[in-house]
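Chain residues, written in single-letter form:
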Amino acid sequence: MAEPVHASPAHDEHHHEQSFWRKYIFSTDHKVIGVQYSVTGLAFLFFGFVLMMVMRWNLAYPGEPIPFIGSLLGDNRAPGGIMLPDFYNELGAMHGTIMVFLGVVPLAVGGFGNFVMPLQLGAPDMAFPRINMISYWCLFMGGVTMFASFFLPNGAAGNGWTSYSPLADIALNGQTAWLIGMIFLITSSLLGAINFITTAIQLRAPGMTWMRLPFFCWAQIVTAFLLLLAFPPLEAAGVLQLMDRVANTSFFIPEGLVVGGEVLDRSGGGSPLLWQHLFWFLAHPEVYVLILPAMGIVAEVIANNSRKPLWGYRSMVYSLIFLGFMSFIVWAHHMFITGMGSVMSTFFQTTTMIISIPSVIILSALFISLWGGSIRYNTPMLFALGFLPMFGIGGLTGLPLGLSAADIPLHDTYYVIGHFHYVVAPGTLFALFAGVYYWFPKVTGRKMNEFLGKLHFWPSLVFMNGVFFPMMIQGLNGVSRRLADGGISYDFAGEVAGLNRMMSVSAWCLALAQIPFIINFFMSIRNGEKAGRNPWNSTTVEWLAPSPAPHGNFDQPIEVVRGPYEYSVPGSDKDYVPQAEPAST
Amino acid sequence: MEIPYTVEAHPETGLNNGKIGIWLFLTSEVMLFGALFATFIMLRIGSDGNWAAMQAEAELNIPLATVNTAVLIASSLTMVMAWASLMRGQLGRFKLFGWLTVGCGGIFLVIKYFEYTAKFDHHHYPESSTFLAIYFAMTGLHALHVIGGMAWNAYFTGPGSKVFHTNRQWLTDRVEHSGLFWHFVDLVWIFLFPVFYLL
Chain X
1182 MAEPVHASPA HDEHHHEQSF WRKYIFSTDH KVIGVQYSVT GLAFLFFGFV
1232 LMMVMRWNLA YPGEPIPFIG SLLGDNRAPG GIMLPDFYNE LGAMHGTIMV
1282 FLGVVPLAVG GFGNFVMPLQ LGAPDMAFPR INMISYWCLF MGGVTMFASF
1332 FLPNGAAGNG WTSYSPLADI ALNGQTAWLI GMIFLITSSL LGAINFITTA
1382 IQLRAPGMTW MRLPFFCWAQ IVTAFLLLLA FPPLEAAGVL QLMDRVANTS
1432 FFIPEGLVVG GEVLDRSGGG SPLLWQHLFW FLAHPEVYVL ILPAMGIVAE
1482 VIANNSRKPL WGYRSMVYSL IFLGFMSFIV WAHHMFITGM GSVMSTFFQT
1532 TTMIISIPSV IILSALFISL WGGSIRYNTP MLFALGFLPM FGIGGLTGLP
1582 LGLSAADIPL HDTYYVIGHF HYVVAPGTLF ALFAGVYYWF PKVTGRKMNE
1632 FLGKLHFWPS LVFMNGVFFP MMIQGLNGVS RRLADGGISY DFAGEVAGLN
1682 RMMSVSAWCL ALAQIPFIIN FFMSIRNGEK AGRNPWNSTT VEWLAPSPAP
1732 HGNFDQPIEV VRGPYEYSVP GSDKDYVPQA EPAST
Chain U
294 MEIPYTVEAH PETGLNNGKI GIWLFLTSEV MLFGALFATF IMLRIGSDGN
344 WAAMQAEAEL NIPLATVNTA VLIASSLTMV MAWASLMRGQ LGRFKLFGWL
394 TVGCGGIFLV IKYFEYTAKF DHHHYPESST FLAIYFAMTG LHALHVIGGM
444 AWNAYFTGPG SKVFHTNRQW LTDRVEHSGL FWHFVDLVWI FLFPVFYLL
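Quick note, the sequences are listed as chains X and U, same order. When the letters of the first sequence are read in order and numbered with my numbering, they come out as residues 1182 to 1766. When the letters of the second sequence are read in order and numbered with my numbering, they come out as residues 294 to 492.
Calculated from the structure, these hints are not laboratory results. There may be inaccurate statements among the hints.
DSS-like cross-link-like pairs, simulated, lysine-lysine; straight-line CA separation at most 30 Å [as the list claims (entries may be wrong)]:
#, chain 1, residue 1, chain 2, residue 2
1, X, Lys1204, U, Lys455
2, X, Lys1711, X, Lys1204
3, X, Lys1755, X, Lys1711
4, U, Lys312, X, Lys1204
5, X, Lys1711, X, Lys1635
6, U, Lys388, U, Lys405
Sample of chain X residues with no beta-carbon within 12 Å of chain U, all distances over it, derived [as the list claims (entries may be wrong)]:
#, residue
7, Val1220
8, Ala1329
9, Tyr1345
10, Phe1650
11, Asn1658
12, Leu1664
13, Glu1747
Backbone N, C-alpha and C define an ideal beta-carbon position, used for all residues, glycine too.
Modelling step: build the complete structure from the supplied sequences, incorporating the hints.
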């Protein structure tokens, strides 16, 4: 919203020199907010990864004391350094929550969306800069709430990231803090989504027609619509679950529920399945919130580094919009084992099969885009190329889960964990790394080191697969998920239980593989190779701004005159033709 | 640096940024209350025919709720009058209708307060039955929206109205946007009233 104009001379003098707090902490500049989001997201990704590494110890060596940190965890979590199952549940629930809501979404949407989208649109900033700032600080509050919940007397929420009722209604752990944290995070996403859509509708530079938008912007727009429309039902569900916990209502508690041998003293009459419907109505579109920005990043990087236009840009955009719509009517495929009737499951497995078609179109178009290109194998491109088969594995292993008959034996096994981690870990996370390497010069004015980048990529690719592929094998053998000891106490795990050690070692090696990235990230801020405005010889508009871009973004008026991916145009003297040319020339 | 189209309309969309923003916000509000109405339906279907008994036991006060419905509809009228006064450049009339709108919201809340305390006096709490639980959840969330709308309107009618002298169009637009929100909050009540009191 615009400030009313105050014509006081003192105001003008102070305009150019913003204080440290206004410039870096409570900034309204979309680029600063984007960096805030990204750094917060990366920090929480690291934290969520640490939680998982601790869990993996107990899966590989159940009942043995955790080395190094075991003694620090306290007697109520790990007496004698040996993890209690309750603590394992806390770690599991919070790993999921943090990775999804505080890691990937802030980085993919809040970070890249905020930083890159206005620049690609040729806009001076977001449409509502102050709402943008509030959005970040809501996320920050949500993150602090989630993090602090570990220090509650009964620990953090431990009911799975899905928080299924009635367990989550009556659990004595930090579920209430989880719900309050989620309400902050939902508010943050809502404010962000309104801002993104309004910016895309109103603030495109002259000549930036809808079909000249870079694919990344389309991905962000569809993502914003998903956040806008899918999160409110979870907010409603969160409020109801909060009432169940603090006001003793029975929204999700059936009549005559027996807890600890006694009938629970509640009015009853509620429906546990209602929570699942409301939750998955959000959480299925949320899956696409995780993957669409990643597809957007990969499309940009692939077009740039194959020096070719994206193959089938229009069909990719239409697929994206179709994906957005369809993602609202597939949610119950997460609930096939709840005993829903065959009419319901037929409907939802049909929509689920249909929604795989646009994903395949996008992935195929990205593969075909590589055909005949003069590919540059730099670090962003390696991560983007890594994304394609990894997301492919994640997607294809999802098909059996979309069919009710095949889902029922697989649903509660490690197969599901393997499937969705292939989508979001070597899938989305690789795309996000590609984005970090690709846009780092625009943020800092310097490129990241190529050698350290490759030292980051290759071990990551190996160890990611080392972590997640054995999960598929375990799952097909019937090993249940959410067991604190990794299934060792069950006979069926016999043949495949040994894989747990391989997976855990892979996970710890994966952590080592991130060290080059961390060194590279901090080192390159000051010492990286200097990058000009357009270090990758790219066509899209963000590369016309100075690196780093000043407040207000562009030092010249932008007029867009052609589509976003005019690479290797026959007869052109360069192998790229920028989307917009400075109006003066 | 100026953000374009904060006041003037975009030549292609014909709207300013705030108008698009508030409509997007309202779509998400539709989803929020939509989920709650869906919950209402699920609870009612799943009540094994006990719903009418729970509703009778709750003893909701239909006359008071009818008055409240009238009060909110009246406040929507004064909201439009306030905006129309601004369009005509009549600051005094705008303030009069603005405060009337806020006042109607206040009357609504006072009546709601008496309804709630009457329930509590009879030991009807959210935990008593799923009917009362969803009643308190939805009317409570609606009351929070009324409070939000009152604060918004009170700001533009009171301290925010100074902008009238420097940037009248800006103020008029902002009042129009808060009016859209206010009408939405009224509309939610128009659904809540029959669903809880009459059906």
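Going through the hints against the structure:
Between the alpha carbons of X/Lys1204 and U/Lys455 the distance comes to roughly 28 Å, so the proposed pair stays at or under 30 Å and holds. Restraint check for X/Lys1711 and X/Lys1204: the C-alpha separation of about 24 Å stays at or below 30 Å, so the hint holds. Among the hinted pairs, X/Lys1755 with X/Lys1711 is consistent with the structure: their alpha-carbon atoms are about 22 Å apart, no more than 30 Å. With a CA separation close to 28 Å, the supplied pair U/Lys312 and X/Lys1204 stays within the 30 Å bound.
Simply put, X/Lys1711 and X/Lys1635 have alpha-carbon atoms about 19 Å apart, close enough for the 30 Å limit, and the pair holds. Under the criterion of a C-alpha separation no larger than 30 Å, the hint pairing U/Lys388 with U/Lys405 is consistent with the structure, at around 26 Å. The beta carbon of X/Val1220 sits about 24 Å from the closest Cβ of chain U, which is more than 12 Å, so the claim that it is off the interface holds. Here X/Ala1329 stays apart from chain U, with its beta-carbon at least about 25 Å from theirs, past the 12 Å limit.
No Cβ of chain U approaches the Cβ of X/Tyr1345 within 12 Å, the least distance being about 16 Å, so the stated non-interface status holds. For X/Phe1650, the requirement that its beta carbon stay farther than 12 Å from each beta carbon of chain U is met, with the minimum near 38 Å. Residue-level check passed: X/Asn1658 sits 37 Å from the nearest beta carbon of chain U, beyond 12 Å. For X/Leu1664, the requirement that its beta carbon stay farther than 12 Å from each beta carbon of chain U is met, with the minimum near 32 Å.
Annotated as non-interface, X/Glu1747 keeps its C-beta farther than 12 Å from every C-beta of chain U; the closest such distance is 24 Å.
When the structure is compared with the earlier hints, no violation turns up for any of them.
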